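**Student:** Sequence:
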Amino acid sequence: RSLPSPLCHPATVPSLPSTVPSPHLLPYTLPTMASNDTPQSDKTKEGKDDGYFNVENATVTGAETDGPKSKDEKKSDNEKNGGVKLTEEQKLAKNKAFIFGMAKRMLVKKYTEEYFPATSNDIKTVLKHVQKVFEAEPVMVHCKAPACVVGDIHGQYEDLQRIFTMFEVGGVQGYLNQRFVFLGDYVDRGKQSVEVVISLFCLKVCFPNEFILLRGNHECRPINKSYGFLAELRERYHKKDAMYLFEKFNHVFNYMPLVCILADKILCMHGGICPEMKSRDVFKEIPKPMKDSNVHPVAASLLWSDPMIGEPKYRPNRIRGLGIHFGEALLAEVMAKLDVKLVVRGHQMMMNGFNF
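For the sequence shown, UniProt numbering begins at 1 and goes up steadily by one.
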């Protein structure tokens with residue numbers, strides 16, 4: 001079962017400011033993380049998008065679908081909106097309202113015991129918007145502290161909800177109170193990969209700076225084709241829809257970042273390190289989108305490498321077939337070159353919580 005990082009005990013949750021945003025007026029970027037954070041944009045002063053969308057007043061009639069609409073469909077959409085043709089900004093706000101509403105409906109205990117009834121069109125809408133968010137992110141992303149670092153979820157939706165519950169304060173849901181860095185492997189093995197990945201994608205669309213979603217080795221097509229994700233989609237959706245969604249999910253996975261620098265001193269990834277990590281600039285050389293991690297040795301290590309006690313430096317990872325096994329000497333060398341004090345990774349279970 002996935003456990004939150006020992007760096008992020010519930011006791012470390014920052015106190016909420018005196019004014020908590022109404023759930024009907026939710027920001028794209030949460031203002032509740034730290035009271036001394038400066039705004040990332042002054043768009044409000046220019047009369048542009050202020051980063052808020054009004055869920056209460058939004059008219060949500062359903063999800064977008066891929067592909068062009070016919071004249072009758074466009075006319076129908078206009079009629080649903082009171083005969084008014086929506087601007088692109090209004091369409092974006094409407095869809096983000098729909099996506100946040102979907103996240104709120106999903107993140108309840110009921111759906112740890114049964115499937116959430118997400119239609120294929122609902123999922124297409126979420127994937128369309130989250131892909132745009134991932135496209136705008138580099139391979140190496142940055143995150144401010146405090147943040148909760150979460151390892152492999154692997155379709156265990158009850159665990160994801162339990163982690164969010166740990167950060168509930170004053171009746172405000174935990175996913176609205178804390179920054180999160182997820183280390184990948186959202187799908188496969190567990191029985192609710194769809195709920196896990198879609199709820200996190202919804203939150204990523206609405207709060208892109210507060211939810212860092214890194215890619216794991218199970219967010220690669222050859223792996224999630226064989227370890228449960230494709231089988232779950234086929235069980236829940238018509239065969240044609242299941243295959244379309246499977247390909248679409250993996251297309252989005254190709255755009256996900258691979259590494260996060262937390263508080264400028266904590267290196268977070270799914271897999272591990274390699275000797276090619278001589279500076280932070282090396283991460284800029286990794287191509288995006290990336291279908292095959294073999295295209296770059298650093299990418300392969302970020303997704304596949306493991307530590308090995310007693311290893312003098314490093315050797316090929318013959319157990320997994322990709323990446324390397326690295327020892328403490330290489331770890332110390334890489335940490336010095338990257339100017340970090342700690343490495344936090346997923347990919348393996350650490351019973352003691354903190355160890356090499």
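No lab work stands behind these hints, which were simulated from the structure alone. Only a predicted model underlies this, so the values are computations on that prediction, with no experimental measurement involved. Quick reminder that beta carbons are idealized off the backbone N, C-alpha and C, glycines included. Among the hints, a few may not be true.
Listed below are the simulated DSSO-like cross-link pairs for lysine-lysine, each with C-alpha atoms no more than 30 Å apart in a straight line [what the hints assert, rightly or not]: (1) 104 x 85; (2) 94 x 109; (3) 144 x 288; (4) 248 x 128; (5) 225 x 291; (6) 337 x 291; (7) 278 x 288; (8) 124 x 191; (9) 128 x 288; (10) 265 x 337; (11) 225 x 265; (12) 191 x 265.
Simulated DEER-style distance windows between Cβ atoms [claimed, not checked]: (13) 136 x 235: 31 to 37 Å; (14) 328 x 166: 46 to 52 Å; (15) 332 x 138: 25 to 31 Å; (16) 328 x 264: 21 to 27 Å; (17) 108 x 264: 35 to 41 Å; (18) 166 x 114: 21 to 27 Å; (19) 88 x 354: 46 to 52 Å.
**Student:** Work down the list of hints and note, for each, if the structure agrees.
**Tutor:** To see whether the hints hold, each was checked on the structure:
1. 104 x 85: Holds. Residue 104 to residue 85 sits at ~28 Å (cutoff 30 Å).
2. 94 x 109: Holds, because 26 Å separates the two Cα atoms, which is no more than 30 Å.
3. 144 x 288: holds, 24 Å
4. 248 x 128: holds, 9 Å
5. 225 x 291: holds, 14 Å
6. 337 x 291: OK: residue 337 and residue 291 at ~28 Å, within 30 Å.
7. 278 x 288: holds, 20 Å
8. 124 x 191: holds, 21 Å
9. 128 x 288: Answer holds: residue 128 to residue 288 is near 17 Å, not above 30 Å.
10. 265 x 337: holds, 12 Å
11. 225 x 265: violated, 35 Å
12. 191 x 265: violated, 35 Å
13. 136 x 235: 31 to 37 Å: holds, 33 Å
14. 328 x 166: 46 to 52 Å: 31 Å Cβ-Cβ, so the 46 to 52 Å window is violated.
15. 332 x 138: 25 to 31 Å: holds, 26 Å
16. 328 x 264: 21 to 27 Å: holds, 23 Å
17. 108 x 264: 35 to 41 Å: holds, 36 Å
18. 166 x 114: 21 to 27 Å: Between residue 166 and residue 114, where Cβ atoms are some 23 Å apart, the hint holds.
19. 88 x 354: 46 to 52 Å: Holds - the Cβ-Cβ distance for residue 88 and residue 354, about 47 Å, lies within 46 to 52 Å.
In the structure shown, a violation is registered for the earlier hints numbered 11, 12, 14, in ascending order.
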